[in-house]
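Asks: Sequence:
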Amino acid sequence: MAASSWFLLPPELIEHQIAQIDLLMAMYPEEEVSMENLSQDALGVLKASIENNTLSKRNTLNTSTITLLLSLEISENTTLQLDINVPFTHESEAPPEEAPHAKIRIRQPPWLNRAATSQLNAQVSETEDLFTAIDDIKQAASDLLQSQAALAAQSNIASKSAAGPLVRAWFYFPSISTRSKRDDFIINAPAYALTGFLFAGKPGLLCLEGTSSNIDAYMKFIKTESWGDIPSHHKKVSERLREEGGAEGVQRVFADMREITDEVGERRGARANRGDMGAVEGWLGERGLGEALGRVLM
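Quick note on numbering: the sequence shown equals residues 1 to 298 in the UniProt record's numbering.
Source of the hints: derived by calculation from the structure; they are not laboratory data. Check each hint, because a few of them may be wrong.
Calculated lysine-lysine pairs in the BS3-like style (CA-CA distance at most 25 Å, straight line) [claimed, not checked]:
| hint | residue 1 | residue 2 |
| --- | --- | --- |
| 1 | K181 | K202 |
| 2 | K181 | K138 |
| 3 | K236 | K202 |
| 4 | K220 | K236 |
| 5 | K138 | K103 |
| 6 | K220 | K181 |
| 7 | K47 | K103 |
| 8 | K223 | K202 |
| 9 | K236 | K181 |
| 10 | K220 | K202 |
| 11 | K181 | K223 |
| 12 | K236 | K223 |
Ranges between beta-carbon positions, derived for each pair [unchecked claim]:
| hint | residue 1 | residue 2 | range |
| --- | --- | --- | --- |
| 13 | L297 | E73 | 44 to 50 Å |
| 14 | T132 | K47 | 23 to 29 Å |
| 15 | V253 | P96 | 51 to 57 Å |
The beta carbon of each residue, even a glycine, is placed where N, CA and C say it ideally should be.
Sequences are here, hints too, so could you generate the full structure?
Replies: Set out below in structure tokens:
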């Protein structure tokens, strides 16, 4: 949207937004909250316009929002960076009665994978109380950090008790689409020392590399915990192939556990939920696993 199509908020709403920013910056040390030059300049112009009563209805700023970066301490030596965007404009000539809500986006930290960060971002609600939203994020992140610690402890136990050769197991889903369920596959795999991939849709495909006991324990956890709210007749997943070592044994092909649904091929069908298995076969072929897909789908 061009800057000329923005309309500044009424003075009283601009004062409200400025007050939120000033309070936020007063609550945290300088090293924890920062603002880029563009936002600093825009905020200075807005404050001067309010003080001098020279505010124009038409926006003359180079930005529609003031953006801050908050480094939120979750625990000792663990932080979460939040991009906080506070709007100062609206699109239609008729001004809003209330100030638009600030928007918060969580940056992916080193201690969370992409799926967990997306799950955390999905919990962020747009609320008129910016500080309540920040507190909610901190609590959710703290809970997730504690959950990770518990999973890490569980992983240590599993790694000590689950000795055995590496295998590669392939699972088939007639359909898998729910985002939270898909994320759970990715988030929980490291606790069981598993690598592989998930391809969601109709049909879905899951590949796991690890020891047999860890794979079995992981799938049991998924079915009882992640899928605990799903009726049993909807928990349709079948193991189609388990590759075990020959003379050289099974070697890991995947460095981590990730979802490839949006990375491989084009989505088809009325709801774009049918995957391109030809593209998946080509993708696996590049990794020396091209023959496995035919054995899984037959």
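Asks: A separate judgement is required for each hint: does it hold in the structure or not?
Replies: Going through the hints against the structure:
1. K181 to K202: holds, 15 Å
2. K181 to K138: holds, 23 Å
3. K236 to K202: Satisfied, since the Cα-Cα distance of roughly 12 Å is no more than 25 Å.
4. K220 to K236: Judged against 25 Å, a Cα distance of about 13 Å means the pair holds.
5. K138 to K103: Holds, at about 15 Å.
6. K220 to K181: Since the Cα atoms of K220 and K181 sit roughly 14 Å apart, the hinted pair holds (cutoff 25 Å).
7. K47 to K103: holds, 21 Å
8. K223 to K202: Answer holds: K223 to K202 is near 19 Å, not above 25 Å.
9. K236 to K181: Holds - the C-alpha atoms of K181 and K236 are around 13 Å apart, at most 25 Å.
10. K220 to K202: Answer holds: K220 to K202 is near 22 Å, not above 25 Å.
11. K181 to K223: holds, 10 Å
12. K236 to K223: Holds: K236 and K223 sit about 10 Å apart, inside 25 Å.
13. L297 to E73: 44 to 50 Å: Since L297 and E73 have Cβ atoms about 48 Å apart, the given range 44 to 50 Å holds.
14. T132 to K47: 23 to 29 Å: Distance hint for T132, K47 holds at roughly 25 Å.
15. V253 to P96: 51 to 57 Å: holds, 54 Å
In the structure shown, no violation is registered for any of the earlier numbered hints.
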